[in-house]
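Construct the complete structure from the given sequences, taking the supplied hints into account.
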Amino acid sequence: MIRLPKPRILFKYRKFDKSSLELLLNRELWFAKADTLNDPFEASSSFSNVLNAVWEHYPMPLHVRVKYEEALKHSLQTVGICSFSKARKNQLMWSHYADEHKGICIGFKEEYLRENGVKFFGTNVEYQDNYPFDDIIKRIHHFEKGNSYNGLDNIAGDILLSILTTKYTSWKYERERRLIVQNFGARKFEPLAVNSIALGLRMNERDKKTLQTLLSGPEWSHLKWFQSTKSSTKYSLDFIRIG
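Sequential numbering of the sequence shown, starting at 1496, is according to this note's numbering.
Heads up, a few of these hints could be off.
Label-pair distances were calculated between CB atoms; the ranges are [as the list claims (entries may be wrong)]:
hint, residue 1, residue 2, range
1, 1700, 1621, 34 to 42 Å
2, 1614, 1702, 40 to 48 Å
3, 1522, 1550, 27 to 35 Å
4, 1550, 1652, 44 to 52 Å
5, 1633, 1504, 30 to 38 Å
6, 1724, 1564, 44 to 52 Å
7, 1701, 1629, 23 to 31 Å
8, 1535, 1595, 48 to 56 Å
9, 1649, 1629, 13 to 21 Å
10, 1621, 1728, 40 to 48 Å
Think about it this way: if two alpha-carbon atoms lie no more than 25 Å apart in a straight line, the pair counts; the simulated DSS-like pairs of lysine-lysine are [claimed, not checked]:
hint, residue 1, residue 2
11, 1584, 1604
12, 1614, 1703
13, 1581, 1667
14, 1719, 1568
15, 1528, 1662
16, 1584, 1729
17, 1568, 1614
18, 1584, 1633
If you are wondering where the hints come from, they were derived from the structure by calculation, not from laboratory data. C-beta: ideal position from N, C-alpha, C; glycine also.
Okay, here's the thing in structure tokens:
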């Protein structure tokens, strides 16, 4: 018997506030501009440093460098990024992004998002201490071997991907997966794209009832509701199905 792979569930940790309610009620995910990311060592903030590291180890003529830099600047001004975690039990994520466990964690089906209108490229974030110049140089060599694919757009696209999906090692705990679109902004999703909602350890009872009431319509009847609790045997979270 052929077993189909389980759908990938991506988790979004959120504070319980107006913005989170709008996300669910308006059924929109926000794909942020690269220069609004919270890490000052990634994307728009560091692309010049990454390129300088590439040119230092793989010199190119100045006019070629300028073409790459201009192409990357344009892409970084327009590209949109929506960040998720591959883990729901991450206590640091609950603390940092879900209002110290007073918020929620929303589970999304990645393939359902893809199949229902959101055109994106999904990729895991890589974590390392150095800028990703080694990988970029390897990709340049790869493109150079196949002249039919060796063009500015292809190589610049690969450099862009490295810049957008590499972060410093200390961020590894996030287990981040990014969905990337060509133009930043809001993207609609269907209710079925939301698989589950987990309620934080410290979430206010009134907030829980408010959220469950707002999402009580038939279009949300498939939702799996969980309450996070403390494990009785270790420093860990458990999740009890409540609906």
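Results for each hint:
Here the CB-CB span from residue 1700 to residue 1621 is close to 41 Å, well matched to the stated 34 to 42 Å. As the Cβ distance of residue 1614 to residue 1702 is approximately 34 Å, the hint placing it in 40 to 48 Å is violated. For the pair residue 1522 and residue 1550, the supplied restraint of 27 to 35 Å is violated, since their beta-carbon distance comes to about 44 Å. Distance hint check: the CB atoms of residue 1550 and residue 1652 are about 18 Å apart, inconsistent with the given range 44 to 52 Å.
Remark: the range hint 30 to 38 Å for residue 1633 to residue 1504 is upheld by a beta-carbon distance near 32 Å. Here the CB-CB span from residue 1724 to residue 1564 is close to 51 Å, well matched to the stated 44 to 52 Å. One distance hint, 23 to 31 Å for the beta-carbon pair residue 1701 and residue 1629, is violated here, with the actual separation near 52 Å. Restraint check, residue 1535 to residue 1595: a C-beta distance of roughly 23 Å breaks the suggested window 48 to 56 Å.
Between residue 1649 and residue 1629 the beta carbon distance is about 19 Å. The supplied range of 13 to 21 Å therefore holds. Against the hinted window of 40 to 48 Å, the Cβ-Cβ separation of residue 1621 and residue 1728 comes to about 33 Å, which falls outside the hint. Only pairs whose Cα atoms come within 25 Å are accepted, and residue 1584 paired with residue 1604 is accepted, the gap being roughly 17 Å. A C-alpha spacing of about 32 Å is found between residue 1614 and residue 1703, which places the hinted pair above 25 Å, so the restraint is violated.
Taking the CA atoms of residue 1581 and residue 1667, the gap is near 11 Å; set against the 25 Å cutoff, the hint holds. Taking the CA atoms of residue 1719 and residue 1568, the gap is near 42 Å; set against the 25 Å cutoff, the hint is violated. The hinted pair formed by residue 1528 and residue 1662 meets the criterion: a straight-line CA distance of about 16 Å does not exceed 25 Å. Our distance criterion of 25 Å between C-alpha atoms is met by residue 1584 and residue 1729, whose separation comes to about 13 Å.
Between residue 1568 and residue 1614 the alpha-carbon distance is near 22 Å, which keeps this suggested pair within the 25 Å criterion. Only pairs whose Cα atoms come within 25 Å are accepted, and residue 1584 paired with residue 1633 is rejected, the gap being roughly 36 Å.
Consistency with the previously given hints fails for numbers 2, 3, 4, 7, 8, 10, 12, 14 and 18, ordered from lowest to highest.
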